[in-house]
Amino acid sequence: MSETVEKVKAPSEPLFSKKNKKLITDPLTDNNPVTIQVLGICSALAITVQVSQAIVMGLSVIFVTMMGNVVISMMRNAIPSRIRIIVQLVVVAALVIVVDQVLAAFLPDISSKLSVFVGLIITNCIIMGRLEAFAMGNKPWPSLLDGLGNGLGYAGLLVLVAIFRELFGSGSLLGFPIFGDAVEKTGLYAIGYQNNNLMILPPMALIIVGVIIWVQRARNQALIEEH
Amino acid sequence: MESTLDIFIKAIFSENMIFAYFLGMCSYLAVSKTVNTALGLGAAVIFVLVVTVPVNYLLENYLLKAGALSWMGEKYAGMDLSFLSFIMFIAVVASIVQLVEMLVEKFAPALYGALGIFLPLIAVNCSILGGALFMQERQYSTILDATAFSLGSGIGWFVAIVAIAAIREKLRYSKIPAPLRGLGITFILTGLMGVAFMSFMGIKYGKEVPKAKVESVETSQK
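Top line first, the protein sequences correspond to chains A and B. At position 194 of the first sequence the residue is numbered 193 (numbering that gives the first Met the number 0), and the sequence of numbers has no breaks. At position 151 of the second sequence the residue is numbered 150 (numbering that gives the first Met the number 0), and the sequence of numbers has no breaks.
Source of the hints: derived by calculation from the structure; they are not laboratory data. Yeah, the Cβ is synthetic: ideal placement off N, Cα and C, and Gly gets one too. Any given hint could be a false lead.
[Unchecked claim] The calculated DSBU-like cross-link candidates involving lysine-lysine, where the alpha carbons are at most 30 angstroms apart (straight line), are:
hint, chain 1, residue 1, chain 2, residue 2
1, A, K112, B, K203
2, A, K112, A, K17
3, B, K64, B, K74
4, A, K112, B, K64
5, A, K138, A, K21
6, A, K20, A, K112
[Claimed, not checked] Some chain A residues close to chain B (C-beta under 8 angstroms, calculated; not the full set):
hint, residue
7, L38
8, L88
9, I96
10, Q100
11, S114
12, M203
13, G209
My request is simple: use the sequences and hints to build the entire structure.
Below, the structure written as structure tokens:
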């Protein structure tokens with residue numbers, strides 16, 4: 000069905016028109032789902048200890064937001080508004096089951112580290128928020144782009160936080176040591192550098208996000224909140 | 000083996016839903032502007048958690064787990080439906096929330112007035128589904144343990160949201176750098192409260208010594 004819609008739409012509007020491009024780029028910066036709209040923090044922060052986990056989580060969320068947006072957008076005229084939340088939840092849950100099974104089959108290591116947080120993608124507010132705010136009122140193609148954009152915005156922030164935490168907490172990135180070997184005292188450790196174990200603890204994720212928000216709002220004064 | 004009381008205390012303090020796992024942050028940040036609304040939402044979360052986790056526990060043990068269907072006969076004993084657990088849990092949560100909303104509206108209009116707007120929000124609150132998934136992962140041995148866990152996590156969430164709401168009410172009178180106002184300072188405060196809550200990790204439960212999160216990370220580091 001999405002193809003037919005695209006075909007009808009194609010002559011009037013190119014697939015990557017300015018408006019459609021905006022759907023992808025906006026959530027990356029000034030309308031970031033995490034730092035501006037405050038959505039989807041729930042399952043985000045506990046898994047940012049290592050960059051690899053954050054990347055897998057980000058990709059999973061991108062997949063679920065995109066597909067969920069498309070499916071709901073195709074069904075939007077058939078869903079009675081009273082039960083729409085349950086319909087959305089079922090669609091998202093089905094997609095998350097797919098993600099979970101794929102991860103368990105191909106990336107068992109990371110899958111066991113993410114544990115319940117894969118399942119919690121279901122209640123990730125970004126997904127529900129985008130379904131509710133965008134997919135229910137737009138055609139499948141823009142919904143797909145919107146899902147991609149928001150998923151990327153989320154994944155980007157996740158990876159950014161993870162980079163800080165892994166680099167300063169464990170002295171490595173993606174598992175590769177950056178500052179030398181902590182046990183054999185090579186590299187920076189030779190001159191007395193220590194890993195900051197505080198970075199590994201869960202509360203630091205919140206503080207890092209807080210600082211990122213601070214930097215972002217200091218650069219773009221329009222985003223500053225009243226009390 | 001930890002006792003039921005251990006599970007309860009642990010769920011409130013050292014494994015607090017907000018400070019250790021960040022579950023339910025969306026509503027935590029959105030509804031913590033005043034203490035009154037925070038009290039309402041917190042109470043609703045306790046209530047829904049205590050209802051849904053035991054129901055999901057029964058589902059898990061008599062329907063979903065590998066071999067859980069053996070009560071239906073030999074033929075079904077080898078079945079493992081655990082891949083369906085996400086969809087079952089969320090369906091249970093969503094329908095129970097709907098049911099509770101209707102019941103409360105009918106029989107306790109005053110309570111409905113207080114909780115009303117929060118109940119639909121709760122269906123998509125991560126802490127509720129998170130409670131069900133943690134229950135599944137930790138495999139509590141009896142339904143009593145599962146209930147104690149759900150009550151404890153509910154109370155932990157309640158404490159967290161009421162505390163941050165109280166702090167945010169006071170924050171209105173303080174001079175915060177403009178870009179940090181609102182969201183930024185709330186994040187940092189939650190982080191600091193989380194650091195404070197980590198001190199509860201030192202509590203010893205029964206015979207078992209609680210394993211701090213740091214250990215697991217340190218081993219993975221090596």
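Hint check results:
Between K112 of chain A and K203 of chain B, the direct Cα distance comes to roughly 25 angstroms. Compliance with the 30 angstroms bound is thereby established for this hinted pair. Pair hint K112 of chain A plus K17 of chain A does not hold up; C-alpha atoms about 40 angstroms apart against a cutoff of 30 angstroms. Note on K64 of chain B and K74 of chain B: the hinted pairing holds, with a Cα-Cα distance of about 15 angstroms set against a maximum of 30 angstroms. In summary, the hint linking K112 of chain A to K64 of chain B is supported, as the alpha carbons are separated by about 21 angstroms, within the 30 angstroms threshold.
Distance check on the hinted pair: K138 of chain A and K21 of chain A sit about 16 angstroms apart at the alpha-carbon level, within 30 angstroms; holds. Under the criterion of a C-alpha separation no larger than 30 angstroms, the hint pairing K20 of chain A with K112 of chain A is inconsistent with the structure, at around 35 angstroms. For the restraint placing L38 of chain A at the interface with chain B, the shortest Cβ-Cβ distance is roughly 6 angstroms, inside the 8 angstroms limit, so the hint holds. Hint status for L88 of chain A relative to chain B: holds, with the closest Cβ pair at about 5 angstroms, below 8 angstroms.
Satisfaction of the interface hint for I96 of chain A is found here, the shortest Cβ-Cβ separation to chain B being roughly 5 angstroms, below the 8 angstroms cut-off. About 6 angstroms separates the beta-carbon of Q100 of chain A from the nearest beta-carbon of chain B, less than 8 angstroms, and the hint is met. Checking S114 of chain A against chain B by beta carbon gives a least distance of about 6 angstroms; that is within 8 angstroms, so the hint holds. Because the beta carbon of M203 of chain A sits about 7 angstroms from the nearest beta carbon in chain B, less than 8 angstroms, this interface hint is met.
Hint status for G209 of chain A: holds, given a least beta-carbon distance of 3 angstroms to chain B, under 8 angstroms.
Consistency with the previously given hints fails for numbers 2, 6, ordered from lowest to highest.
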